[in-house]
Amino acid sequence: MDKKIIYLDHAATTYTDPEVVRAIEPYFTEKFYNPSSLYTPARDVAHAVKHARSTIAKWIRANNDREIIFTASGSEGDNAAIFGIANANRDKGRHIITSAVEHPAVLETVEGMKRFGFDHTILPVDKFGMVDPNTVRDAIRDDTVLITIMLANNEVGTIQPIKEIGRIARERGVYFHTDAVQAVGSVPIDVHEMNLDALTMAAHKLYGPKGVGALYLRDGVAFDSLIKGGHQENGKRAGTHNNPGIVGLAKAVDLAYSNMQENNERIIRLREKLINNILENIPDVILNGHPTKRLPNNTNFCFKYIDSEAILLHLDMLGVCASSGSACSSGTGDPSVVLKAMGIPPEVARGSLRMTLGKDTTDDEIDFVIKNLIGIVGKLRDMSPLVD
Amino acid sequence: MPESQRYNETVMDHFMNPRNVGEIKDADGIGLAKSSDHGDTMKLFIKVNNDVIVDAKFKTFGCGAAIASSSITTEMVKGKTIKEALELSNMDVIDALGGLPPSKIQCSVLAEEVLRAAIEDYRKRKTGNEETGVSVGCSGDCGRCKTK
Ligand SMILES: Cc1ncc(COP(=O)(O)O)c(C=O)c1O
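Heads up: the protein sequence lines correspond to chains R and E, in order.
Going by our numbering, 195 is the number at position 195 of the first sequence; the sequence numbering is gapless.
Going by our numbering, 35 is the number at position 35 of the second sequence; the sequence numbering is gapless.
Think of the hints as simulated: they come from the structure by calculation, not from any bench.
Take the hints with a grain of salt, since some may be wrong.
What the hints assert, rightly or not - Non-contacting residues of chain R with respect to chain E, defined by C-beta distances greater than 12 Å in every case (computed):
| hint | residue |
| --- | --- |
| 1 | Y15 |
| 2 | T16 |
| 3 | S36 |
| 4 | A72 |
| 5 | N87 |
| 6 | K114 |
| 7 | H120 |
| 8 | M130 |
| 9 | T135 |
| 10 | D224 |
| 11 | K236 |
| 12 | A238 |
| 13 | N264 |
| 14 | L287 |
| 15 | G358 |
What the hints assert, rightly or not - Here are the computed lysine-lysine pairs in the DSS-like style, where the Cα-Cα straight-line distance is at most 25 Å:
| hint | chain 1 | residue 1 | chain 2 | residue 2 |
| --- | --- | --- | --- | --- |
| 16 | R | K4 | R | K379 |
| 17 | R | K163 | R | K293 |
| 18 | R | K304 | E | K34 |
| 19 | E | K78 | R | K379 |
| 20 | E | K34 | R | K340 |
These numbers were taken from a predicted model, which means no experiment stands behind them.
From the three backbone atoms N, C-alpha and C, an ideal C-beta is built for every residue, glycine too.
Start from the sequences and build out the full structure, keeping to the hints where you can.
This is how it looks when you write it as structure tokens:
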């Protein structure tokens with residue numbers, strides 16, 4: 001059975017672009033050296049790592065290469081930023097501000113900071129999943145050391161007013177970190193304009209390899225490294241460099257931003273086609289997230305009276321890969337905390353479906369999904385006791 | 001999703017091709033069961049003749065396991081006497097499905113509950129009590145409903 005796969009779960013992860021694969025291949029074989037070593041062959045590798053650092057620094061408008069710290073994942077970047085900044089500045093205060101719609105990599109870490117004596121405030125969001133910058137201003141206390149609010153949400157794609165929040169943080173002298181794991185590559189980033197002190201990214205969401213990411217950390221921000229050991233990354237992250245990963249991350253960032261406009265235009269057109277067709281052809285459906293301030297590739301719907309797992313199983317039988325939203329809750333039946341924070345009732349949130357497009361998504365694929373989704377939703381509603 | 005969370009072929013068959021979906025207009029008993037935590041809802045309609053369940057239909061809001069559990073339950077009760085049907089437990093539903101992932105055992109419990117609720121409703125109607133047996137989370141064995 002050779003079924004064609006239609007992949008609409010790019011927010012979960014992407015394939016590695018063949019161009020990226022080509023770029024990193026030598027770093028598994030002839031360029032395997034430890035870039036910290038003294039001998040000549042290792043210098044080439046050290047140069048490649050340095051080049052990767054400047055490429056990333058350039059695309060996010062960082063001042064210098066030192067501000068880029070390589071990590072092993074988005075989760076690590078979030079953990080390192082929150083622990084690293086809060087703990088190093090614990091004498092200034094022990095209060096952290098975050099939002100209700102953060103990825104668990106942030107929420108769980110902030111929660112975990114209780115063990116180190118840190119208290120926190122979780123800001124609410126509006127029905128679009130948006131944080132109101134005024135609530136940030138009101139939540140800042142004399143002992144607030146860190147604000148961590150994501151750039152774009154992984155479930156509903158809402159893009160937060162980062163610039164405004166950054167301005168408030170800077171005015172009040174509070175450090176500001178953003179989890180940009182979903183945004184890097186499709187949303188332009190300027191760490192100065194956004195008043196950022198730290199930003200997290202991960203390669204596997206933008207056609208780079210898995211197991212590598214980066215943390216931008218503004219020069220001069222006191223930082224207590226999460227992973228202690230050797231003096232790599234200026235003592236901010238120990239561990240022998242992941243040469244192929246680092247080269248792959250930089251290549252992926254470079255490709256993504258070099259082709260961003262063209263890719264975004266095509267993806268947004270397909271996204272709008274998917275959204276409009278579903279809203280027009282299926283009754284009792286809600287589009288979750290902000291209508292315009294959303295990631296180019298994100299769609300997220302709630303189909304009333306039916307359960308998302310049932311929809312996903314039907315789609316899977318057709319070779320369509322999608323998600324209920326939160327990667328962590330799929331299969332547990334727990335409605336999404338993000339949708340809950342947006343005020344969506346639990347029985348409605350049960351019918352959520354996230355489809356995230358990619359740079360190779362085609363019109364034919366979108367047409368196929370629209371046509372079949374209409375049938376699937378109809379079939380499941382025919383057997384739902386919630387429909388009269 | 002770990003392998004243990006995936007559905008086997010029988011479950012997938014009952015999910016993709018559910019048996020006996022719908023309502024029975026002149027049902028002799030109607031049961032409703034709702035899980036308190038996730039809102040899964042099952043509605044079961046039974047037609048009874050000389051104490052034998054001659055027809056059963058269902059409507060379910062829930063995951064794949066919930067739909068498959070309801071589907072197989074309708075198949076299992078058809079042809080059974082009320083007494084035999086009351087002996088069915090969620091374990092029989094799981095066995096008939098060839099197993100359910102651990103996190104989905106709850107769905108088979110809901111199927112047992114909706115069956116008991118439908119039978120309770122049937123008995124109430126038979127003894128002249130007009131009240132429809134809408135039993136949320138009925139365990140079926142507390143005795144308070146005087147069916148024993
Ligand atoms: C917004 C957000 N933050 C953090 C992460 C964690 O990234 P990783 O899986 O690379 O650890 C993800 C990925 O699912 C994400 O979407």
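Outcome of the hint check:
At roughly 20 Å from the closest C-beta of chain E, the C-beta of Y15/R stays outside 12 Å, upholding its exclusion from the interface. Look at T16/R: its CB is around 22 Å from the nearest CB on chain E, clear of 12 Å, so calling it non-interface holds up. Taking the minimum C-beta to C-beta distance to chain E, about 38 Å, the non-interface status of S36/R holds against the 12 Å cut. No Cβ of chain E comes within 12 Å of the Cβ of A72/R; the nearest lies about 22 Å off, and the non-interface call holds.
The Cβ of N87/R lies farther than 12 Å from every Cβ of chain E, with a closest approach of about 34 Å, so its non-interface assignment holds. Interface exclusion of K114/R from chain E stands, the closest Cβ pair being 27 Å apart, more than 12 Å. The Cβ of H120/R lies farther than 12 Å from every Cβ of chain E, with a closest approach of about 27 Å, so its non-interface assignment holds. Under the 12 Å C-beta cut-off, the non-interface status given to M130/R relative to chain E holds; the minimum distance is some 27 Å.
Here T135/R stays apart from chain E, with its beta-carbon at least about 30 Å from theirs, past the 12 Å limit. Residue-level check passed: D224/R sits 35 Å from the nearest beta carbon of chain E, beyond 12 Å. The non-interface label for K236/R is consistent with chain E: the shortest C-beta to C-beta separation is roughly 35 Å, beyond 12 Å. No Cβ of chain E comes within 12 Å of the Cβ of A238/R; the nearest lies about 32 Å off, and the non-interface call holds.
Chain E leaves N264/R outside its interface by the beta-carbon criterion, the shortest separation being 31 Å against a cut-off of 12 Å. For L287/R, the requirement that its beta carbon stay farther than 12 Å from each beta carbon of chain E is met, with the minimum near 21 Å. Distance check for G358/R against chain E: the nearest CB is about 21 Å away, which clears 12 Å, and the non-interface claim stands. Note on K4/R and K379/R: the hinted pairing holds, with a Cα-Cα distance of about 23 Å set against a maximum of 25 Å.
Between K163/R and K293/R the alpha-carbon distance is near 14 Å, which keeps this suggested pair within the 25 Å criterion. A distance of roughly 17 Å separates the Cα atoms of K304/R and K34/E; the hinted pair therefore holds under the 25 Å criterion. Proximity of K78/E to K379/R is assessed by CA-CA distance (about 24 Å); at most 25 Å being required, the pair is judged to hold. Straight-line distance between C-alpha atoms of K34/E and K340/R comes to about 20 Å, which keeps the hinted pair within the 25 Å bound.
In terms of the numbered hints stated before, the structure departs from none.
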